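When you get a sec, could you build the whole thing from the sequences and use the hints?
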Amino acid sequence: MLTKRIIPCLDIKDGRVVKGTKFLNLRDAGDPVELAQYYDNEGADELVFLDITASAEKRSILIDVVERTAEKVFIPLTVGGGIKSIEDFRMILRAGADKISINTSAVKNPMLVKEASEIFGSQCVVVAIDAKRHYVKEDEIESIKEDGKNIFKVEDGYCWFEVYIYGGRKETGIDAVNWAKKVEELGAGEILLTSMDKDGTKSGYDIILTREISKSVKLPVIASGGAGKPEHVYEAFVEGKADASLMAGILHYKEYTIKEIKEYCAERGIPMRL
Numbered sequence: 002m003l004t005k006r007i008i009p010c011l012d013i014k015d016g017r018v019v020k021g022t023k024f025l026n027l028r029d030a031g032d033p034v035e036l037a038q039y040y041d042n043e044g045a046d047e048l049v050f051l052d053i054t055a056s057a058e059k060r061s062i063l064i065d066v067v068e069r070t071a072e073k074v075f076i077p078l079t080v081g082g083g084i085k086s087i088e089d090f091r092m093i094l095r096a097g098a099d100k101i102s103i104n105t106s107a108v109k110n111p112m113l114v115k116e117a118s119e120i121f122g123s124q125c126v127v128v129a130i131d132a133k134r135h136y137v138k139e140d141e142i143e144s145i146k147e148d149g150k151n152i153f154k155v156e157d158g159y160c161w162f163e164v165y166i167y168g169g170r171k172e173t174g175i176d177a178v179n180w181a182k183k184v185e186e187l188g189a190g191e192i193l194l195t196s197m198d199k200d201g202t203k204s205g206y207d208i209i210l211t212r213e214i215s216k217s218v219k220l221p222v223i224a225s226g227g228a229g230k231p232e233h234v235y236e237a238f239v240e241g242k243a244d245a246s247l248m249a250g251i252l253h254y255k256e257y258t259i260k261e262i263k264e265y266c267a268e269r270g271i272p273m274r275l
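Heads up: take any position in the sequence shown, counting from 1, add 1, and you land on our numbering.
None of these hints come from the bench; they were simulated from the model. A few of these clues could be false.
[Said to hold, decoys possible] With a Cα cut of at most 20 Å, we get these calculated PhoX-like pairs of lysine-lysine:
| no. | residue 1 | residue 2 |
| --- | --- | --- |
| 1 | Lys146 | Lys203 |
| 2 | Lys183 | Lys216 |
| 3 | Lys219 | Lys255 |
| 4 | Lys14 | Lys85 |
| 5 | Lys203 | Lys230 |
| 6 | Lys216 | Lys230 |
| 7 | Lys216 | Lys242 |
| 8 | Lys109 | Lys85 |
[As the list claims (entries may be wrong)] The following label-pair restraints were derived from C-beta to C-beta distances:
| no. | residue 1 | residue 2 | range |
| --- | --- | --- | --- |
| 9 | Ser86 | Thr173 | 12 to 22 Å |
| 10 | Asn151 | Ile64 | 30 to 40 Å |
| 11 | Gly149 | Ile120 | 26 to 36 Å |
| 12 | Ser144 | Thr173 | 13 to 23 Å |
| 13 | Ser144 | Glu264 | 45 to 55 Å |
| 14 | Ser86 | Arg17 | 21 to 31 Å |
| 15 | Ile142 | Arg91 | 39 to 49 Å |
| 16 | Ile64 | Ile120 | 14 to 24 Å |
| 17 | Glu172 | Glu143 | 44 to 54 Å |
| 18 | Gln124 | Glu68 | 16 to 26 Å |
| 19 | Ser144 | Ser86 | 18 to 28 Å |
| 20 | Asn151 | Lys109 | 20 to 30 Å |
Computed from a prediction, not measured in an experiment: that's the story for all the values here. Here a beta-carbon is modelled for each residue, glycine too, at the ideal position from N, C-alpha and C.
This is the structure in structure tokens:
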């Protein structure tokens, strides 16, 4: 069985790491280069660096921060935010990234996924999916299914999962399960799946969302949004069928260490790199 991964996420705004709840109310969490180095030393399996306002602000990623971060870490580094072209891929890879994460640009130009995977290899292309529950009434279920959406029974009713772009600011009407299958066909190597409903709540990952996406594709799925304690990470691996677990706040604010989370999972039979 493949080793499961623990991945700290550095959400960057104005050159600083920030953390919010449901993509809102951002607060400062430190310097990205210092935090990246700290997590590398602490035993993180990979790092994800997301310039969270680059797409919404229609600007390029903070390349100097990427370069300074890449210089300090020796684990795989995934970088995302405002990447719109093959040239952007090339520039970020030259700056030291190992993988590139795209969300908004993948939705707006799906062929970018295909082109990038053909040029750089699928292992380099991560498609980030920011998904939110779209609740429906029971009498609407059949018509919504006819529209091609995947309806799921959840704790408080029925919903489908909608893809959002521009850092969670804009809905697309796209079904997240269908989109995951599509990006797999286009050549993506991995899916970074964030539950917008759970983001920053520390109430646990959206297990239904994670499981359904994991079941629908053969790609590795990184669960994101909602980690509050080691049990949540264990649930994402066992019930959510995730291959990796992304987290931010519980690590940034020293509520748990990577070692504690890994040991908790390993003691319960999850293969971890200790």
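Taking the hints in turn, this is what the structure says about them:
no.	hint	verdict
1	Lys146 / Lys203	31 Å, violated
2	Lys183 / Lys216	14 Å, holds
3	Lys219 / Lys255	34 Å, violated
4	Lys14 / Lys85	18 Å, holds
5	Lys203 / Lys230	7 Å, holds
6	Lys216 / Lys230	24 Å, violated
7	Lys216 / Lys242	8 Å, holds
8	Lys109 / Lys85	9 Å, holds
9	Ser86 / Thr173: 12 to 22 Å	20 Å, holds
10	Asn151 / Ile64: 30 to 40 Å	38 Å, holds
11	Gly149 / Ile120: 26 to 36 Å	31 Å, holds
12	Ser144 / Thr173: 13 to 23 Å	19 Å, holds
13	Ser144 / Glu264: 45 to 55 Å	49 Å, holds
14	Ser86 / Arg17: 21 to 31 Å	26 Å, holds
15	Ile142 / Arg91: 39 to 49 Å	45 Å, holds
16	Ile64 / Ile120: 14 to 24 Å	20 Å, holds
17	Glu172 / Glu143: 44 to 54 Å	22 Å, violated
18	Gln124 / Glu68: 16 to 26 Å	22 Å, holds
19	Ser144 / Ser86: 18 to 28 Å	39 Å, violated
20	Asn151 / Lys109: 20 to 30 Å	22 Å, holds
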